[in-house]
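*Asks:* Residue-level listing of the chains:
There are 4 protein chains.
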Amino acid sequence: MSEVFGGAFDGSFHRLPIRVYYEDTDFSGVVYYANYLKFCERGRTEFLRALGIHHAELHGNDLQGRTAFAVRRFEGEFLKPAGIDDLLTVETRLAELRGASIRMAQQVLRGDAALFRLTVQIAVIDGRQRPARISDDMRALLSPILATNNSA
Amino acid sequence: MSEVFGGAFDGSFHRLPIRVYYEDTDFSGVVYYANYLKFCERGRTEFLRALGIHHAELHGNDLQGRTAFAVRRFEGEFLKPAGIDDLLTVETRLAELRGASIRMAQQVLRGDAALFRLTVQIAVIDGRQRPARISDDMRALLSPILATNNSA
Amino acid sequence: MSEVFGGAFDGSFHRLPIRVYYEDTDFSGVVYYANYLKFCERGRTEFLRALGIHHAELHGNDLQGRTAFAVRRFEGEFLKPAGIDDLLTVETRLAELRGASIRMAQQVLRGDAALFRLTVQIAVIDGRQRPARISDDMRALLSPILATNNSA
Amino acid sequence: MSEVFGGAFDGSFHRLPIRVYYEDTDFSGVVYYANYLKFCERGRTEFLRALGIHHAELHGNDLQGRTAFAVRRFEGEFLKPAGIDDLLTVETRLAELRGASIRMAQQVLRGDAALFRLTVQIAVIDGRQRPARISDDMRALLSPILATNNSA
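Residue numbers (the numbering used here), protein chains in the order written: chain A, 1 to 152; chain B, 1001 to 1152; chain C, 2001 to 2152; chain D, 3001 to 3152.
The set of hints was computed from the structure by calculation and includes no laboratory data. Treat each hint with caution, since some may be false.
Short, incomplete list of chain B residues facing chain D, as computed with Cβ under 10 Å [to be verified]: (1) Tyr1022; (2) Asp1024; (3) Val1031; (4) Tyr1033; (5) Ile1084; (6) Leu1087; (7) Thr1119.
Only part of the chain A face toward chain C is listed, based on derived beta-carbon distances under 7 Å [stated by the list, open to error]: (8) Tyr22; (9) Thr25; (10) Phe27; (11) Pro81; (12) Ile84; (13) Asp85.
Every residue gets a Cβ at the ideal spot worked out from N, C-alpha and C, and that includes glycine.
Use the sequences and the hints to build the structure in full.
*Replies:* This is the structure in structure tokens:
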């Protein structure tokens, strides 16, 4: 099997394997709609971790210069339901890199079939929850991975 | 205090009080982003329940004519964070009533301050997950509550 | 209806009404087992809130004298399943009050039928996660509500 | 890295790697207590999957002979907290195999440090939620993996 714990990049796309467990489903028999946002957040976290950016460093202390990410807007579309035991892939790419925010485009797939699509607008904030510019260090990490095809 | 368990309609608006618990927050100190979708789903459920429409009747058996709701698309916008112990209100209104789908507009507020806004496109489906027309009975329940001001 | 938002004390017992939503269930058709711990935590929080003890005051800053509660052990027993739309009651009582810990006994009921029972051992900790003695102020709040019948 | 997606057996012990995400934590800064039950359920599911037993086959249709697992009792003990980004291991073993139930002993570890211990009593039930005997097929799968040291 090709599922790598924590996922990996394939070009500009980060792919994270996710197994559907009891906790993810609801009584209608399929994955509960809000849980796709959890899957996508895991995907973005692993996307950042693979680039060397960790939440534990972003949060958790008051050192100057620390910044964090905060979701400002999202748009989601449900195409097909997922069920218990399904093996899913969260595909994440950086669609836009601006001065103080980024846009990420994500898909949850089962095999080649897209089940859910999400676009997320994320602001960079400082320790007081105020908008902050993306640091040069972070920009240097994100720029090379910016998807060249911004169609989504 | 005016918080009513299960909420109530005020004209075309249904308002559901929600208390923020440990389970709703994350280590950044505020409510986790996906949990606003849970709050809004509770709001839509109580909106329907107040009109006499129950999930237990919509799902759970194979009788002819049974239908259920399935979220197809959503758009969300985060305005301010909510924290532990906050008393929130989920405000829900029916923004559009079509042949086989509805659109609901929701806000999560703390007092008069809007924290989160969500628009949800919901399809009516039959027991085989196929699109279905909204029944005359359900239309008769929903039509009177259709918000006259669809600006949101 | 007698459901009071946030619940209320009846003698030594605090009762909190809870509605079962989509998010609480799993594909087997009933409430997911871990979610009873969420319900019980809401019950304990409302138990404390009704006595004037708030999480937001317990956590969140480094002022001297601040303490928090941390679950150390629990024992749970499942008697009957709960389903979507069920109206449940979380019944919470203080079963034991010691120098640096408390024991709470809880039940989740549907009508008069007990569905789940939980006993929780809770330590009081200071801001550095070390065991701390229960303050005189907190003891004065908790003592009167200590259940006289510790049979459970 | 030695983390295998979905985990693997090491003798009688099944070990599943789990990454702590935003969704798992609460505002106190550590993993929310009920989420350890989610982690342990994932561990039991992967334990069973590695033996060839799948939930999707256990549930979901009315064929004769189908059985499912239902948690009856659990006892948990919290030793140390886990935090965001932590890489955890869920260690699962079969502690007892009876006629109509099993007992599983689980630990959540970070490196060699045990953070949480859980003992779970699980009944086998039929499609009508009634107790059922463990089938010969399932017994043949479970017997070889029964931990020889039942001390926990």
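*Asks:* Now look at each hint and say whether the structure bears it out.
*Replies:* Each hint, compared with the structure:
1. Tyr1022: For Tyr1022(B), the interface hint holds, since the closest Cβ of chain D sits about 5 Å away, which is under 10 Å.
2. Asp1024: 8 Å, holds
3. Val1031: 9 Å, holds
4. Tyr1033: 8 Å, holds
5. Ile1084: With a minimum Cβ separation of about 5 Å from chain D (threshold 10 Å), the hint on Ile1084(B) holds.
6. Leu1087: Given a least distance of 16 Å, the restraint on Leu1087(B) is violated.
7. Thr1119: 24 Å, violated
8. Tyr22: Since the shortest Cβ distance to chain C is 5 Å, the answer is holds.
9. Thr25: Cβ of Thr25(A) sits 4 Å from chain C, so the hint holds.
10. Phe27: Phe27(A) check passes; min Cβ-Cβ to chain C is 4 Å, inside 7 Å.
11. Pro81: Not OK, violated: Pro81(A) not within 7 Å of chain C, min 11 Å.
12. Ile84: Holds: closest Cβ of chain C sits about 5 Å from Ile84(A), inside 7 Å.
13. Asp85: With a minimum Cβ separation of about 10 Å from chain C (threshold 7 Å), the hint on Asp85(A) is violated.
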